[in-house]
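Please put together the full structure from these sequences, using the hints given.
So the protein lines, in turn, are chains V and F. In terms of the working numbering, the first sequence has 692 at position 378, counting the first letter as 1, and numbering is strictly consecutive. In terms of the working numbering, the second sequence has 84 at position 83, counting the first letter as 1, and numbering is strictly consecutive.
Be aware that a few hints might be false.
Derived list of chain F stretches under chain V, where covered just means 3 residues or more per stretch with a C-beta under 8 Å from a C-beta of chain V [what the hints assert, rightly or not]:
hint	segment
1	37 to 47
2	58 to 70
3	74 to 82
4	86 to 97
Just so you know, the hints here were simulated from the structure itself, not pulled from any lab data. It should be emphasised that the depicted structure is a prediction, and the values quoted were computed from it without experimental measurement. Cβ coordinates follow ideal geometry from the N, Cα and C atoms, glycine included.
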Amino acid sequence: MSEFYTSTDHFVLVPALLLALFGCFVLLADFLVFPRPKHRRYVVILVALGEAFTGAALWRQHSFLSAHDLASVSAFHGSLVVDGMSIFFNWIFIAAVLLVALVSYRYLETEQEHRAEYYGLMMLAQCGMFFLAAGTDLVTLFVGLELMAVSFYVMVGFLRRDKRSNEAAMKYLLLGAFSSGFLVYGFSLLYGLCGSTRLDRIGEAVTERGPFDPIVFLALTTTAVGLLFKVSAAPFHMWAPDAYEGAPTTVTAFLAVGSKAASFAFLMRMFLYPLAGARPAWEPILIGVAILSMTVGNLAAITQNNLKRLLAYSSVSHAGYILLGLVAGNETGIKGMAVYILVYLFMTLGAFLVVVALRRKDLAGEDVDDLAGLIHKSPVEAVLMLIFMLSLAGIPPTAGFIGKYFIFLSLIETGHYVLAVVATLYVAVAIYYYFRIVKSMFVGEMTDTVPLMGGFGMRIALGVTGVLTLLIGVYPEPFLQFAQTSLGR
Amino acid sequence: MTMTSVPLSWYLILSAVLFTLGVAGFLFRRNIITVFMSIELMLNAVNLSFVAFSYQWRQVDGHVYTFFVMVVAAAEAAVGLAIILTVFKNRATLQIDDVDSMKN
Chain V
315 MSEFYTSTDH
325 FVLVPALLLA
335 LFGCFVLLAD
345 FLVFPRPKHR
355 RYVVILVALG
365 EAFTGAALWR
375 QHSFLSAHDL
385 ASVSAFHGSL
395 VVDGMSIFFN
405 WIFIAAVLLV
415 ALVSYRYLET
425 EQEHRAEYYG
435 LMMLAQCGMF
445 FLAAGTDLVT
455 LFVGLELMAV
465 SFYVMVGFLR
475 RDKRSNEAAM
485 KYLLLGAFSS
495 GFLVYGFSLL
505 YGLCGSTRLD
515 RIGEAVTERG
525 PFDPIVFLAL
535 TTTAVGLLFK
545 VSAAPFHMWA
555 PDAYEGAPTT
565 VTAFLAVGSK
575 AASFAFLMRM
585 FLYPLAGARP
595 AWEPILIGVA
605 ILSMTVGNLA
615 AITQNNLKRL
625 LAYSSVSHAG
635 YILLGLVAGN
645 ETGIKGMAVY
655 ILVYLFMTLG
665 AFLVVVALRR
675 KDLAGEDVDD
685 LAGLIHKSPV
695 EAVLMLIFML
705 SLAGIPPTAG
715 FIGKYFIFLS
725 LIETGHYVLA
735 VVATLYVAVA
745 IYYYFRIVKS
755 MFVGEMTDTV
765 PLMGGFGMRI
775 ALGVTGVLTL
785 LIGVYPEPFL
795 QFAQTSLGR
Chain F
2 MTMTSVPLSW
12 YLILSAVLFT
22 LGVAGFLFRR
32 NIITVFMSIE
42 LMLNAVNLSF
52 VAFSYQWRQV
62 DGHVYTFFVM
72 VVAAAEAAVG
82 LAIILTVFKN
92 RATLQIDDVD
102 SMKN
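Printed below as a string of structure tokens:
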């Protein structure tokens with residue numbers, strides 16, 4: 315019990331260790347191995363290697379759990395855990411980092427800011443995400459969150475000479491630090507409730523005191539504000555449109571899927587375990603936030619002309635849908651959240667990849683009009699974008715439909731009929747603005763003839779996201795199984 | 002010891018007041034550096050509340066947590082000031098309202 319670093323501790327920590335090691339190694343390799351800027355793109359191979367090792371460690375954890383028929387393995391005196399949820403989310407992070415890294419080198423070369431720090435920061439951010447998915451203690455969760463957030467602040471401002479990138483980084487930093495303040499204030503009260511930073515002890519104290527005890531309620535609301543900021547749910551979404559628009563597009567993609575998934579892992583960990591006893595207090599709050607997110611996200615997206623800004627508002631509305639799974643709170647709802655986050659990874663990443671491809675030498679390629687006539691210029695990208703848009707809108711037979719289906723099913727199962735109707739109505743609004751993009755691609759007149767950004771990495775990343783967005787839609791069983799076993803507690 | 006000590010609730014009220022001042026500063030001040038300082042005030046309010054609770058429970062966990070909060074605040078300040086510096090280099094202003102080029 316008093317041992318400092320046991321083999322169990324090591325077993326649980328390995329993926330994070332590998333990520334931190336490779337993150338630092340990438341930084342060193344930059345000037346030791348690849349001194350010439352032209353060769354810097356080979357750093358992506360190092361990233362892939364690091365992810366392969368992390369994946370292997372994760373696979374080892376997974377097979378250990380299933381071989382011994384364990385639900386979870388806890389380490390470091392209960393501050394880290396390996397369970398289905400941590401493994402599920404870590405696979406998502408690996409996929410996100412690999413797909414984004416594959417398209418980053420061409421993009422950053424176009425922006426003339428291709429530096430290896432970018433990849434190092436990506437892996438360090440992923441290391442923070444690991445702790446968000448696996449942490450069961452306020453300390454690990456907070457430090458993991460900040461590791462991820464600080465890495466993202468730098469990445470968002472990576473285009474140092476670009477005014478918009480500076481501005482986005484500044485806004486993201488100020489609002490991110492502000493929300494962390496709320497979160498950690500809530501944490502201090504949660505600690506005060508029971509004198510422990512471990513989530514299980516906090517859970518006992520919260521249950522004992524009841525949801526409407528003033529301290530519990532204050533702790534709950536401040537923690538919830540911090541968490542909802544991170545998942546960019548309305549009314550705490552103001553940073554998202556600016557940060558998404560100003561950041562380099564590859565970072566926007568990583569921010570939209572990686573940071574969002576990690577924050578949802580964190581949110582689920584908090585609300586399903588220590589705050590579960592306070593459900594009567596937070597359920598109405600989450601219902602309000604979910605409805606507001608769908609309203610603000612869908613209505614604000616209608617008038618946007620900048621694709622990144624439009625997708626930012628669309629991601630706000632998706633956060634609303636995912637929160638509905640937590641409101642329902644039954645097994646279908648939790649599974650629905652996991653499936654939705656998995657589906658969201660591929661469809662949102664895919665849509666952002668097309669935006670990345672639109673960036674060419676002297677063309678920003680960020681507006682809806684830049685997609686005009688894409689079907690004549692690059693039919694493959696246009697058709698893939700159509701698939702991503704159909705999926706984001708939630709139309710069968712794409713993956714987005716499967717995600718929404720389980721959320722709606724869980725709402726009906728738990729008797730939230732009004733919420734289910736409202737959520738369905740907003741799908742109709744969403745179809746309108748997603749189809750503005752489709753209309754522009756298929757009907758609009760071509761505004762330029764410069765070919766899209768291509769490259770080996772882009773082709774692979776687009777192919778993987780496109781195929782999976784369709785595959786999850788037409789043959790969802792294995793993916794549902796994956797989500798089910800992950801969250802079978 | 003028969004000396005009467007300051008009750009826990011006083012510390013908590015002070016911490017809540019400091020936190021609220023930080024939030025108010027964040028929302029109403031227009032200079033980026035002042036806004037950033039307001040965030041530091043919020044984090045220090047949190048530290049006070051951690052230490053007070055830690056004393057109440059007669060343990061060190063809360064004390065240790067304040068070190069983590071300080072380290073994180075230092076990291077955020079390092080990155081944050083660097084970002085503010087690049088903003089200033091490109092725009093020669095530190096007023097929040099002037100740094101607002103992205104709007105639809």
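Hint-by-hint comparison with the structure:
1. Residues of the segment 37 to 47 of chain F lying with their CB closer than 8 Å to a CB of chain V number 6, which satisfies the three-residue condition for coverage.
2. For the segment 58 to 70 of chain F, the stated coverage by chain V is satisfied: 8 residues place a CB nearer than 8 Å to a CB of that chain, which reaches the threshold of 3.
3. Counting residues of the segment 74 to 82 of chain F whose beta-carbon sits less than 8 Å from any beta-carbon of chain V gives 4, enough to reach three: the coverage restraint holds.
4. Proximity of the segment 86 to 97 of chain F to chain V, defined as three or more residues with a beta carbon under 8 Å from a beta carbon of that chain, is established by the 4 residues found.
Of the numbered hints given earlier, the model fails none.
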